[in-house]
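Guided by the hints, dock chain B onto chain A, whose structure is given.
Listed here are the chains, written in short residue letters.
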Amino acid sequence: MSDEDKKRSDRPGRSYDESRRRFLKGVGIAGAGAALADHLIADAHAAAPEVDRTARSITGTVEIVLDVNNQKRAVRTEPRTTLLNALRNHVEPPITGPKLVCDMGTCGACTVIMDNQTAYACLVLAIDAVGKKITTVEGLGTPTALNGVQAAFVEKDALMCGFCTPGFITTISAYLKQNSNPSLAEVQQACKGNFCRCGTYPRVFEAALAAAKVGTSAGQD
Amino acid sequence: MQQGPAPKKKKVKVPRVVNGIETMVEIEVDDVGGPGWGPNDKHALLNHHLTRVDGPLKVSGVAEYTYDKRVPGMLYGRILRSPHPHARVLKVDVTAAQSIPGVKGIVSIADNPDPAAVETGPAKSSERRTITVNFAGEPVAAVAAETPEIAQDAVRAIKVEYEVLPHVVRAEDALKESSPKVYEEGNLEPKDSQGYATRVATALETCDVVLEAEYRTPIVHHASLETHGHVVDFRGNNTATVYASTQGTFTIPGDAAKELGLKESDVTAIVEHMGGGFGSKFGIGIEGALACRLAKQTKSPVKLMLTRQDEFLLAGNRSGSWQKFKAGANKDGTLIALQALQYQLGGLGDGSQAGQPYIYRVANSYRERMAIHTNEDASRAMRAPGHPQASYAIECLLDDLAQRLNLDPLELRKKNLRDKVYHRQLDRGAREIGWDRRNKVPGATAGPLKKGIGCAVGTWGGGGNNQCKVDVSVARDGSVLVAVGSQDLGTGTRTYTRAIVAEELGLQQKDVTERIGNSTLGAANASGGSTTSASLAPSVKNGAYKARMAVAEKVAPLLGGIKPEEITFVNGNVSGGGKSLAWKQACATLPAAGVTARGEWQAELQGSGVHGACFAEVEVDVETGRVRPIKMVHVQDVGLPLNRLAIESQINGGMIQSLGMALWEERVMDARLGIQVNPSFGDYKLPGSAEIPELVVIIDDDDKREAVIGVGEPSIIPAVGAVANAVFNAIGVRIHDLPLTPDKILMALSNGRTSA
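Quick note, the sequences are listed as chains A and B, same order.
With the numbering used here applied, the first sequence has no gaps in its numbers, which climb one by one up to 1415 at the end.
With the numbering used here applied, the second sequence has no gaps in its numbers, which climb one by one up to 757 at the end.
The following block holds chain A by itself, in its conformation from the complex (with noise of 0.2 Å):
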């Protein structure tokens, strides 16, 4: 962040960023380990007593697994790392199908599903996933083995750039499991949370629905 982007999250009401930043002092003061995934912990010592953050950085790093893709990850990351960060730039070797677009969860880019439901990768801290199953898309199928959203994504051209693809099918692969013969207007509704930019949007419809006709058919839930 630069200053500029400080001088605006200093100003009053930005509540959310301000307990982000008192957490993470926090933890800075309170150094790695893994009890630090706990909350209540972390709560405590938000009160801590400030510290001068434009000399020090907070560097404690805590080891922590996470379970994705049915595997078992270690991965060592600070406290303050996303999951989204954690799975891109630090589990080795990286997994990359979620992307980094907006960084503040409007664009469902880095939409995983964590237990069942589906979250922006970028608005979880990596020491809250431990413990969730997480599935990114690279968790639902293979180039050789593609799921049905996955298939029907590909044979509708449901993506261009691709680069918000990732996001959509994961979002729409939960969704068709809690919705399985859904209308266009509920689609739509689904994929609120997901941006593109090339302009798939009617295309990923029609993807999501055939996807749907081939799961209702086969006799998936």
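Read the hints as simulated data drawn from the structure, not as lab findings.
All the given hints hold, so there is nothing to weed out.
These stretches of chain B come out as covered by chain A in the derived footprint (C-beta under 8 Å, 3 or more residues):
1. 55-67
2. 143-156
3. 271-284
4. 653-659
5. 680-686
Quick reminder that beta carbons are idealized off the backbone N, C-alpha and C, glycines included.
Frame of chain A; chain B shown alone:
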């Protein structure tokens, strides 16, 4: 090797694209011959619906973009931006930042200032270093660190002392005598003029009706989902590999070599997949230069991808426009006179705008184009640079005239469009949208939900040039590889490249592999101005044809010694002289090294010049001001459609982006602070899934040209005007500046007159 006779030469006109802006130039090319495409309806693969060959990789998250690249020992770069729109940088103190563990490199604007720039203000060339910053968001420093988190801390820890200088960010303010000067020469920069002002003034006096109006469009953003950025893999020796999110593989090595102090030939650019560009990604840019400087300083690979805020603030945009007209017409709708003052609002850059009266025939016209400079980052090319702005304004003007003259807007257009293709496309689109259902008198629907229908037309070039060198190799085991350095922006380059070769050899797409996006492969042009397909496809076809002939020559003896050109390649069989071999059998006759042919561009395989008509239907809630798009139709001639599926997708995308520009998107500036207040996806409103209307793409197959023409730009041109006219038809009041947000609609309705 035996030197054949010098090939015959011929002259052709081709578009030359610099940073996405297209101009036509005449060049001399070899008259290479080779077969044409044949009739558009006789293709085995082309002109069909071909699914993307890279689709399975992209839908499974396996496709590796620059943003996904991680190489051993890689550092993460991040940029510190100026918070001030205009300031002198007095001191950059990096001591605190340097002391953070994990910070490996820092570069800043103060490293090597250009003393001349200190006093003369901004340098027009991006390569000159200045020690003044001239827009909020201009990079001041950059860091490289072991993790992105540490890089972020380091950027925060850099202390910069500024002497804040006066700024201007609004066009009206920039025109005032008292305004701070963005350039020493002043803020108003005349570009060109055309026609005779006095003749227009005289003609206006004879017109039955004269209309004065102005129309404005704001700066809008490319908003590519993958931000600009690079991974510069340089480790202090004599070579470097640069992974780039770019529209021009070959625009990278030269730029990077200069920064790294290497030879251009020692830098390899790789563009395996890229997440959108829309005209904003040519050359390495300031972010690439900073990545190179950091890599050079640290002797380590550096990945520097712009953050989303960076992307809004320093990575270019579509220039705004402010166009003032005085137009005169006769009662029958014939345009007699048009005077246009066209301001291009490109910040520090020039912006762009197609000249008025755009595609319309006006007996007497005069236009002046001028750039108004402000303290905002320079605009860049964006999908059909300058055209949506010009099209939107003239199309609104025409509907306003039609209302004044009580004429059908569609008939008014036909009356003033010479080219009959427009008439055909307007009629086709009118049938699809149900033009007869529109309000004969704008705003005449009863009740609070008012429906309206509008239309507009546009034009683009889309021709190619002779830059692509394509290698097609056939191995003895029958495998086929087509290789060229070009790039796929999501436009489907990979897919049609493979399809052209497969079709020529009588194979399926799965039988061919393509390699692209690498500067060590055959040369290719950058993807700007819809020139890629018309440049690349002919070279691919030519290479595939030559490879076919090379195979035919080897196979001929097995087919009774018939002439190679009589051998057919169909459905995986190589046949002639009453005999037939399977493809693999035929390839077994090849020498151990197989055969490789280099394809060259053939001018006659491509064309230039397309039209395009768009229709839109909307519903406006006059109690809330909300606009709901209902349906859009785009009719487009494309010459030979290489891949109908991809073309339809691209036209859908053009309509959706236009919808954004018409209804929601704008850069909002705080004039007093000189900063953008909405540089994020939370505040900059992009079209979303719930707003997408029914979209109908009609490829105009009455265009029988057996020629490839680029089709990326044309679909974003007329739709903006069509949507604006649909809103006008719904509410009967013209709003003169985009986007058509609810506040403006309510204001215009309450004024009961136009909002200008």
